[in-house]
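So the chains spell out like this:
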Amino acid sequence: MTHKVGRISPFNITALALGLAFLYLPIVILVIYSFNASRLVTVWGGWSLRWYTEVFNDRATLEAAWMSLRVAAVSATSATLLGTLAAVGLARGERFKGRTLFSGMLLAPLVMPEVIAGLALLLLFVALDVERGFWTVTIAHTTLTMCFVTVVVQSRLVSLDRTIEEAAMDLGCDPLQAFVRVTLPLIFPAIAAGWMLAFTLSLDDVVIASFTTGPGSATLPIRIYSEVRLGVKPQINAICTMMIAFIAVVIVIASLASKLSNAQGRSAAPL
Amino acid sequence: MSARSIFARPARFAAVAPYLWMVLFFLVPFGFVLKISLSQTAIAQPPYVPLFNLTAGWDAIVAALKQLSLDNFRLLVSDNLYITSYLRSFVVAVTSTLILLLIGYPVAYGMARLPQRWQAFAMMLVIVPFWTSFLIRIYAWINILQHDGLLNKVLLALHLVATPVVWLSTDSAMYIGIVYSYLPFMILPLYATLVRMDPSQLEAAADLGASPRQAFWLVTFPLSLPGVGAGALLCFIPIVGEFVIPDLLAGSASMMIGQTLWLEFFANKDWPVASAVAVALLVLLVPPLLLYDRLQRRTLGGAG
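As given, the protein sequences belong to chains V and E, one line each in that order. Numbering of the first sequence is given in the numbering used here, commencing with residue 1 and proceeding in unit increments. Numbering of the second sequence is given in the numbering used here, commencing with residue 272 and proceeding in unit increments.
Keep in mind the hints are simulated off the structure, nothing from the lab. Where is the CB? At the ideal position from N, CA and C, for every residue including glycine. Any given hint might turn out to be false.
To be verified - Selected chain V positions facing chain E (Cβ under 7 Å, derived; list incomplete):
1. Leu16
2. Gly89
3. Val206
4. Leu230
5. Val232
6. Gln235
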């Protein structure tokens, strides 16, 4: 009897298949309908690219997309820098004053409702009297996404064997050299995964961007959101499909890159 | 002196820049939220009576402190709108978390029982939708749930219903959207605890005469409780303050607290009341946040 324990049962397979179907089906349907020739979003009128051409003729959407890409690129990069530093400080530093507060501040945004974070940052920007737009959204996204980077990089650092760093120092590296030459290449896949996560989270955010942006500088999600409130339009299907395709390309490139560095280094990134 | 402690010192300094950043852009802003929640509403830009002016000297500060009022908080407890919003948020979050557990647990369990080489692939399949925009995923559901959308077409074709069902602007649509968006957050912590479980414990239970069902409820489930807790909190806390999903999918009859905050802020331009709503929400979320922090610390580990 005992050998049966731990086997996959039909129930397990069914649960898994249904769960995955639930996750993927809506996206697949959305993508298919973005190629629908019919103006009616619910009637299939044959394959067509007409909604894609309409999107490319829509100035406001293109401007919003450009704004979103710039915000995502800048905020993901600074979030990766700050988040990696925070992870190194938490995973490798000795106890320091305020460590609990620090790790608390880095964990809270992972679950904190976005409306609260958005409102808080906006009130700060108003109090400092800065003009709201590209930079305020970028700072807001950096703050929120660096926490995700910290978690990803920290979990990699914790699982890393410290004796390698110690060996490097025994062989004459100073701590900084040991970090740059030994630790950094080993945690690079995690850092890359952290950047990607920060990039997609920034590209995705409606709530915080709505609070922290100024008039006339909408991000793509803000624009999609205001269109969606008015109902389903075939153009939005096309925009969404392009966003999915864009993210998919970024993920494929990143996973290829991490495979390359895995071939040199070791195990995979946690995300 | 060991090499480790030499390495540790500069590592500590690595935290300085992110520390200052988080204090400035995370901690300090909450000071402003608290401050403005205690001030009076004004028709001005920005729309509240300024409280402190540190350059005006001590007397001005004292005068300003005297102006602090709890009026906004009094409004929160006296006006039914706010109380019902808080209650609704709580009910929606609890219900969604339970549904997520019911769906997420079997999926995570199935994943953990897959052969080793399939597990990474299954994990990737669960994570990938998380990379696609959450707004897009909600929008995808609007496509499906609308009056002549796919769901109604399928139901009509199967003769399960005689007339199209109204899905959009209902609580069912909102629950579908929430469960859909948060499912990976439930599955991943559950899977992480289930996959670490030692199968020999189940074999021992079977040897001692437990049926598979008994073994599950007496061994597997209790051992997976940390994962259940982490997944539940990871979903519950943000769902309480959820704005976009109820705004796009639920009806306008009753609002969740995130929607109320949004409305006060953007439509009514009542920043002090919006701040008070945020402060009260944050206070209510402190216990689950602390619990989540403790669970995370245990799983993340690290120095100290």
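To see whether the hints hold, each was checked on the structure:
1. Leu16: Nearest chain E Cβ about 4 Å off; hint holds.
2. Gly89: Holds. Min distance 3 Å.
3. Val206: It holds, given that the least Cβ distance between valine 206 of chain V and chain E is near 6 Å, below 7 Å.
4. Leu230: Leucine 230 of chain V check fails; min Cβ-Cβ to chain E is 11 Å, beyond 7 Å.
5. Val232: holds, 6 Å
6. Gln235: With a closest approach of 12 Å, the glutamine 235 of chain V hint is violated.
Hint compliance for this structure: hints 4 and 6 are broken, all remaining hints hold.
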